[in-house]
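Position chain B relative to chain A; hints supplied.
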Amino acid sequence: MALVNPNFAEEMERFGADAALECFNCGTCAAICPLIYEHFPRKMIRYLQLGAKDRIMENASELWRCLHCGLCTQTCPREADPGEIILGLKRFAVANWRRS
Amino acid sequence: MYSPRDMIDIIAANVRKTRNPFGMPKFLCNRWWQDASMPAEGDALLFTGLMYQFVPYIEKSTRYLEQFEDTPWADYVRYAKYVPNYLAGMGLALLTPAKEKKRFNAILQNITKILAKSKVDFFYRSELDEYSGILLYDLGDQESFVRHAEFVAAKLKRAGVKTLITVDPHTTYALKVLYPKYTGQSFEVKTYFELVNFTSNNGYKRVTLHDPCFYGRYLELSDVPTKVLANLGIECVPVRNSGLFTSCCGGPAESISPKLSKEVLHRRTEELQSAGAPIIAMCPICLGHLEKSGAQVEDLSSLIARCAA
Chain A
89 MALVNPNFAE EMERFGADAA LECFNCGTCA AICPLIYEHF PRKMIRYLQL
139 GAKDRIMENA SELWRCLHCG LCTQTCPREA DPGEIILGLK RFAVANWRRS
Chain B
7 MYSPRDMIDI IAANVRKTRN PFGMPKFLCN RWWQDASMPA EGDALLFTGL
57 MYQFVPYIEK STRYLEQFED TPWADYVRYA KYVPNYLAGM GLALLTPAKE
107 KKRFNAILQN ITKILAKSKV DFFYRSELDE YSGILLYDLG DQESFVRHAE
157 FVAAKLKRAG VKTLITVDPH TTYALKVLYP KYTGQSFEVK TYFELVNFTS
207 NNGYKRVTLH DPCFYGRYLE LSDVPTKVLA NLGIECVPVR NSGLFTSCCG
257 GPAESISPKL SKEVLHRRTE ELQSAGAPII AMCPICLGHL EKSGAQVEDL
307 SSLIARCAA
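One line per chain: the protein sequences are A and B, in this order. Per our numbering, residue 89 is the first one in the first sequence, and the count goes up by one each step. Per our numbering, residue 7 is the first one in the second sequence, and the count goes up by one each step.
So here's chain A without its partners, still in its complex pose:
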């Protein structure tokens, strides 16, 4: 069971992901992503919106599959900047590893 934290999206702003709540999970990013891999990056963005930190850290390695190519950001209908969200989550994961 994942613990939900509604304030997490705000916490993520200091890691550069400040538009995550704009996302309405349409899946355009997952469809255009060259990885074509299990709803990436949509699933990670959903975890962020819910504040499911444990899920993010359990699956953190998956974040580095992202090529930072920017196609998701280019095509996002909500201007939620999925590419920057993934980069922000990488920064969050690195900060957590360094603290532990």
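Please note that the accuracy of each hint is not assured.
Stated by the list, open to error - The calculated DSSO-like cross-link candidates involving lysine-lysine, where the alpha carbons are at most 27 Å apart (straight line), are:
| no. | chain 1 | residue 1 | chain 2 | residue 2 |
| --- | --- | --- | --- | --- |
| 1 | B | 23 | B | 161 |
| 2 | A | 131 | B | 105 |
| 3 | B | 32 | B | 233 |
| 4 | B | 265 | A | 131 |
| 5 | B | 119 | B | 105 |
| 6 | B | 125 | B | 233 |
To be verified - The calculated label-pair distances, taken between Cβ atoms and stated as ranges, are:
| no. | chain 1 | residue 1 | chain 2 | residue 2 | range |
| --- | --- | --- | --- | --- | --- |
| 7 | A | 115 | B | 204 | 30 to 36 Å |
| 8 | A | 188 | B | 97 | 28 to 34 Å |
| 9 | B | 300 | A | 188 | 39 to 45 Å |
| 10 | A | 126 | B | 127 | 48 to 54 Å |
| 11 | B | 49 | A | 114 | 46 to 52 Å |
| 12 | A | 184 | B | 168 | 47 to 53 Å |
No lab work stands behind these hints: they were computed from the structure. For every residue, glycine included, the Cβ atom is placed at its ideal position computed from N, Cα and C.
Chain B alone, transformed into the frame defined by chain A:
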């Protein structure tokens, strides 16, 4: 897939100690300028960011990574951080074929010929030419990136540099967008192909231009090389995904997952080859990676330099 945490720790430690991701002394990897005649003073500094110089080492190290990915040996990568940086870097430098280093050095020498032919007032000083730190940024190690970027920006400011000529999309993006944002230091940044100022008719007639993500999408510069080539009598054949919607070659994933990187590479190569004209790359990472597919690929600077001859 390799552990991102281990790879980031190794790369960050190398950049911290040697100012480059491979842990090798700069004099070993940045030697191209010794065979080029360039002024040491001028209007704009040619800033290579060492990316073209790194490609032979990237190719060599990813060949090893490919062998051990998803095997029990992959876990031993973490112990690489206990090997002294200079020792690992020197080892890699010795294992990398001189022929490959020479080939990528020639690309930079071609760029100086293009700038000279275009009558650009530029200069080069190897002590000012540093790695931008872009890989740390892409990997999410923001703290290490900012620390390194501040070092590079301060060095350039101390030398009184105001204008930079860049040669690759990653360094261009770092200096143009990230440095002002994260270090507070701004420079006027131009890519070498924005400065091409001559016409000719010596090259291919038609080429397939692979837009790198950073020129195509992040910096929106795709129309510039197309116009430069048109002035040289070369037509760019339309590619299914280009400009703002260009497809990644897969190169950025090489250090974490060579397997994934190859999957993406094959899809992009098919798109480029279906256009039916020689493939031209304008990013060192794309060039090195696209060549792995077996396709014939040439750097944009080599094509322009041939026209300049």
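Q) Against which earlier hints does the structure fall short, listed by number upward? A) 2, 3, 7 and 12
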